[in-house]
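Undergrad: In this text, residue positions in the sequence shown follow our numbering: the first is 1, and each later residue adds one.
A couple of the hints might just be wrong.
Pair ranges (Cβ atoms, derived) [what the hints assert, rightly or not]:
1) H77 / A21: 34 to 44 Å
2) A110 / I90: 23 to 33 Å
3) S69 / S10: 22 to 32 Å
4) V64 / D101: 36 to 46 Å
Hints listed in this document are in silico derivations from the structure and should not be mistaken for laboratory results. Even glycine gets a Cβ: it sits at the ideal position worked out from N, Cα and C.
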Amino acid sequence: MEIWINPSCSKCSSALSLLDAEGAQYTVRRYLEQPPTVEEIEQVLGRLDLEPWDITRTGELAAVDLGMSTWERDAAHRDHWIRALADYPILIQRPIITADDGTTVVGRSADAIRSGLA
Numbered sequence: 001m002e003i004w005i006n007p008s009c010s011k012c013s014s015a016l017s018l019l020d021a022e023g024a025q026y027t028v029r030r031y032l033e034q035p036p037t038v039e040e041i042e043q044v045l046g047r048l049d050l051e052p053w054d055i056t057r058t059g060e061l062a063a064v065d066l067g068m069s070t071w072e073r074d075a076a077h078r079d080h081w082i083r084a085l086a087d088y089p090i091l092i093q094r095p096i097i098t099a100d101d102g103t104t105v106v107g108r109s110a111d112a113i114r115s116g117l118a
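The task is simple: from the sequences and hints, build the whole structure.
TA: Shown next, in the form of C-alpha cells:
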C-alpha cells in the first residue's frame, strides 16, 4: 500500500494515524518531493474511476494562476489536465491511498480510508 501525502496537510496526518491504528503496512510518498508521472496519474485515475478535474484542488494558487476554472472538462482536454497535475503536484487532491490489490481511494474521510483497507 502506498499513500501520497503532503506532510503539512491535516487530512494526510489523520489518514496516517488511522492507517497506523489499523495496523496497515504502507509506504509514504511525499508527492510534492517525488511528483507522480503522467503515467502514474493516469493509473490512479483509472483505479479511482475519476477524471483529472475530479482530483484537482482548483482553489490552489497554482490552479488560479493557470486559469483552471476556465478549462474545459471533457475528453479533448483530459491530457492537458493530467499534464498540469504532473507539473504542479500541489494541485492533486490528497491523500491518495493505493492498495496492493489495486483498490485506490482519495482518503479525505475515515470511511474512505477504511474502504481502501477492506
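Undergrad: Evaluate each hint against the coordinates.
TA: Each hint tested on the structure:
1. A hinted range of 34 to 44 Å holds for the C-beta pair H77 and A21, which are about 40 Å apart.
2. A hinted range of 23 to 33 Å holds for the C-beta pair A110 and I90, which are about 24 Å apart.
3. Under the hint 22 to 32 Å, the C-beta atoms of S69 and S10, about 25 Å apart, fit the expected range.
4. In this structure, V64 and D101 meet the distance hint of 36 to 46 Å, their C-beta atoms being roughly 37 Å apart.
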